[in-house]
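Q: Letter by letter, the sequence shown follows residues 1 to 206 in the working numbering.
Among the hints, a few may not be true.
Claimed, not checked - The calculated lysine-lysine pairs, modelled on DSBU-like cross-linking and capped at a C-alpha distance of 30 Å, are:
no.	residue 1	residue 2
1	K17	K104
2	K17	K92
3	K17	K117
4	K117	K104
Hints in this document: simulated from the structure, not taken from any laboratory.
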Amino acid sequence: MPMILLVRHAENDYTRKGHLAGRLPAVHLNQRGREQAQALAQVLKKAPIKAIYSSPLERALETAQPLAQTHQLEVRIHPGLVELDYGEWQGKSLKGLRRLKSWKIVQSMPSLMQFPKGEMILEAQYRITQTLHEIANQYADGDWVVCVTHADPIKLAIAHFLGMPLDTYQRLNVGLASINALFLDHQSVRLVALNYSPTLWDVPEK
1 MPMILLVRHA ENDYTRKGHL AGRLPAVHLN QRGREQAQAL AQVLKKAPIK AIYSSPLERA
61 LETAQPLAQT HQLEVRIHPG LVELDYGEWQ GKSLKGLRRL KSWKIVQSMP SLMQFPKGEM
121 ILEAQYRITQ TLHEIANQYA DGDWVVCVTH ADPIKLAIAH FLGMPLDTYQ RLNVGLASIN
181 ALFLDHQSVR LVALNYSPTL WDVPEK
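Throw the hints in and build the complete structure from the sequences for me.
A: And the structure:
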């Protein structure tokens, strides 16, 4: 089975200030995020990485680029790795969103949730898991493949592959620039790392 490394993008000003970026364009890594991305590349510099895929959003691409340069690989953009479409929630503060009745649905019964003018969480889970199967099927046993994406897609994928009910996926935590690793093929899956964030890229705040 190939090893799939699910990497969350590094820090940006939206995550730093507690806002939901969603699919908004031009959300770039901040200085701390760029340092995290460089440190991530150093941590994985000796890994036998065969390919690097990324969400099309800038913060994911900018996280993937230092790793791609280290391994002399091209970043392959895959639309299936994109963040959830949060619709009218995009750009809003998490503090404000937590006051909404629908926030409780997202946290406790996400299988019933469709974001206003956005995506159903159930459909997003199907999208990301199908994408990862599609990618994994292209590689051989022992190949390592990096997929740089976002917190909710990673949590939804891991919940699915572990057989967790969708309504429990919010129990998982996926930190910025963290690595989540699993062996994956069409028959089985084995999780080998969850929310692995070495202190090497826990870059001190200025």
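Q: Look at each hint and say if it fits the structure.
A: Here's how the hints hold up against the structure:
1. K17 to K104: holds (21 Å)
2. K17 to K92: holds (11 Å)
3. K17 to K117: Distance of about 24 Å is within 30 Å: holds.
4. K117 to K104: holds (18 Å)
Violation of the numbered hints given earlier is absent; every hint is satisfied by the structure.
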